[in-house]
Amino acid sequence: MILPDDVILRVENLTISFKTPAGLVRAVRGVDFDLKRGETLCIVGESGSGKSVTSRAVMGILAGNAIIDDGHIYYRDIDLSQVKEQDFHKIRGSMIGMIFQDPLSSLNPIMKIGRQITEALILKNKMSKKAAKVRALELMREVGIPEPEKRYYQYPFHFSGGMRQRIVIAIALAMNPEILICDEPTTALDVTIQAQILELINKLKKDRGLSIIFITHDLGVVANMADRIAVMYAGKIVEYGKAEEVFYDSRHPYTWALLESMPALEQAKGQLNAIPGTPPNMLFPPKGDAFAPRNRYAMKIDFEEEPPFFKVTDTHYAAAWLLHPDAPHIESPIKGKYFISKGAKSND
Amino acid sequence: MTENKEKILELKKVRQYFSSGFGKRRVVVKAVHNISFDIYKGEVFGLVGESGCGKTTTGRAIIKLYNITDGDIYFKGHRISSGNRGKNLEIRRLKKEIDEKKQEINNLISELKGEEKKFDSEWVGKEIIEAEQELKDFIEEKNARINELLREKKISKRINRRNPGIMTSMQMIFQDPIDSLNPRMTVKEIVSEGLIINGIRDKKFIDKEVNRVLELVGLLPDHANRYPHEFSGGQRQRIGIARALIVNPELIIADEPISALDVSIQAQIINLLNDLRKNFDLTILFIAHNLSVVKFFCDRIAVMYYGRIVEIATSDELFKHPLHPYTKSLLSAVPLPDPDYEKTRQRISYNPSLRKFTADKPKMVEIYPGHFVYASQNEVKSYRKELNLE
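The listed protein sequences correspond, in order, to chains A and B. Position 71 of the first sequence, counting from 1, maps to 1566 under our numbering, and the rest follow consecutively. Position 125 of the second sequence, counting from 1, maps to 139 under our numbering, and the rest follow consecutively.
If you are wondering where the hints come from, they were derived from the structure by calculation, not from laboratory data. Each hint should be verified, as a subset may be incorrect.
Some but not every residue of chain A turned toward chain B, in silico, with C-beta under 8 Å [as the list claims (entries may be wrong)]:
| id | residue |
| --- | --- |
| 1 | 1541 |
| 2 | 1596 |
| 3 | 1657 |
| 4 | 1679 |
| 5 | 1718 |
| 6 | 1752 |
| 7 | 1764 |
| 8 | 1770 |
Idealized CB from N, CA, C, for every residue including glycine.
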């Protein structure tokens, strides 16, 4: 498998289950996507939709009870789903880096920051301690830590949440990876700190030409970061496309529901359009469209057969029966009243 | 509009300090630093700020999980908490004044005694008696004040005791629906605990009440015998709300009730709180850091920064005309689900060290009816210009 020049990572029909005492949990059920060079791909979805599992499969850090049933993850000329654990360390960190949600639990509390940053450099790059320190200080400056010489000898608890996340980013970047996977990196942070971290990630992306997979459930963050978006529900991608397409011209009822359940800035007080019910239990994956029981536009066929991807534009696809030529035409409920930049008020 | 309404909660110059260590190593953390605000009946009052600014501490101090350090909290006109720091400081000051006065008078007397030989002894004696009388009067006056303060301290000690009548009309919903429910108790035990603590033993009544509140929050009666781990995050938060509702409270303090939940579930919980508030005429103190939800849900908003409230206004007013630079920076940091808007959004950063108040001490100023801002005189002038009030 040779990937096209502009694609750095391709996931094909990825299917992952977890063995549990209660049975097989089908966490990811056939996910396809391409990560293009230098872009940010945002994966959006509720908890349990399989977005974290997908990214962990790319990184090769799935839990012990996970099974990759089917599918391939192509990176350069390698199929990551076939790489054995003892060989994976050559890829992990040096080609694909990852940032996790909670910066405190991803750092070692009893190890000085400097040692944690230089650890990979010394072990993998066989750098001397001195050279590694110089490199670590450079990295700390790059991610915006003031007084790196002093901070180098401090422990994680000396740092605030935002600073800790910067350290984690510095560690992830130490080996100059091409791909950075960010698994909800700002969920544990405040709005102001979140804005700073997002700015930092955007800056690093530009400076280093990183390709980023960004996982989150906050649509505001998605709008800020994404070049392309994949919306996941119950282990499947239900809609993907460019950021503008998915926000302004979304076609899947789940995407509508997600956008509607956030209060828009000009929204009058009253009820929010919450999504009724809860996500399906993936021990028993539902027949047909998994979102159908919570979907107010659901048709009979939604409960019987899984929708294929329908093409909206060359870059925008959605898996919803509503897009079938025979389906009734339903106007998107969010069109024209949701986005400030699209003149939300004037359309009312 | 709010002026005609009944005040349900009133905070007056509340301070909450935490200290650790003794002697030289004593560290005092000023978590809440002199805040005052009122909450009117039936409104949703939002408290926003970054983590560590004291918003949770404020909520916990109101419901008396902490004894406040200074100030007074009134609930429906009754004082429910009172802090003694101010009184203690005044007593200490008065005692010091008395000591100083004693020293002064004693010095004067000994001086006079030393000069007895030079002057008429009768005159000196008279002077001494006069000085002693002055001292006596002074001490009496100050002691009266000290006694008054001590009496007040006693009263506040009585006030600060547990008061079941108030405890039932104020309830709290916590942030983390996993940590705030005891995993070894069934839902029924969790929800009915409030009734049992209040001395209700009638099992039939308890069952009826539990079923009633479970239905109110959208759970089924047969959920009552399950354990918390069997529920999803949103359902757990509903259990937390049911537990708060069972004693028929008037004020609910919701401490970030939705920040641990998924987006789609967040909307469900907000809708639930909205319904409950309308149906039961509840007042809610809503502590949060998600500003778009706060704007949607709250009638008035207070912005906190480092233990102080820097701005209070109605939610529309606050978002339209934010005045305090911290509020501006907070609003500018909120990402909205709108890519084109996001591309042009400019973040304003707030640097408190740029604002120096050496001569011009800031205080809470009502700049516009209902819009308060913590600012110095000069800033007030510039804010007024910004709003075209002058």
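Right, here's what the structure says about each hint:
1. Taken as an interface hint, residue 1541 of chain A checks out: its beta carbon lies about 5 Å from the nearest beta carbon of chain B, inside 8 Å.
2. The criterion of a C-beta within 8 Å of any C-beta in chain B is not met by residue 1596 of chain A, whose closest approach is roughly 12 Å, and the hint is violated.
3. Restraint check, residue 1657 of chain A versus chain B: the minimum CB separation of about 10 Å is more than 8 Å; hint violated.
4. The beta carbon of residue 1679 of chain A comes no nearer than 12 Å to any beta carbon in chain B, farther than 8 Å, and the hint placing it at the interface is violated.
5. A hinted interface residue such as residue 1718 of chain A counts as satisfied when its beta carbon comes closer than 8 Å to some beta carbon of chain B; here the least separation is about 4 Å, so the hint holds.
6. A hinted interface residue such as residue 1752 of chain A counts as satisfied when its beta carbon comes closer than 8 Å to some beta carbon of chain B; here the least separation is about 7 Å, so the hint holds.
7. Hint status for residue 1764 of chain A: holds, given a least beta-carbon distance of 7 Å to chain B, under 8 Å.
8. Restraint check, residue 1770 of chain A versus chain B: the minimum CB separation of about 4 Å is within 8 Å; hint holds.
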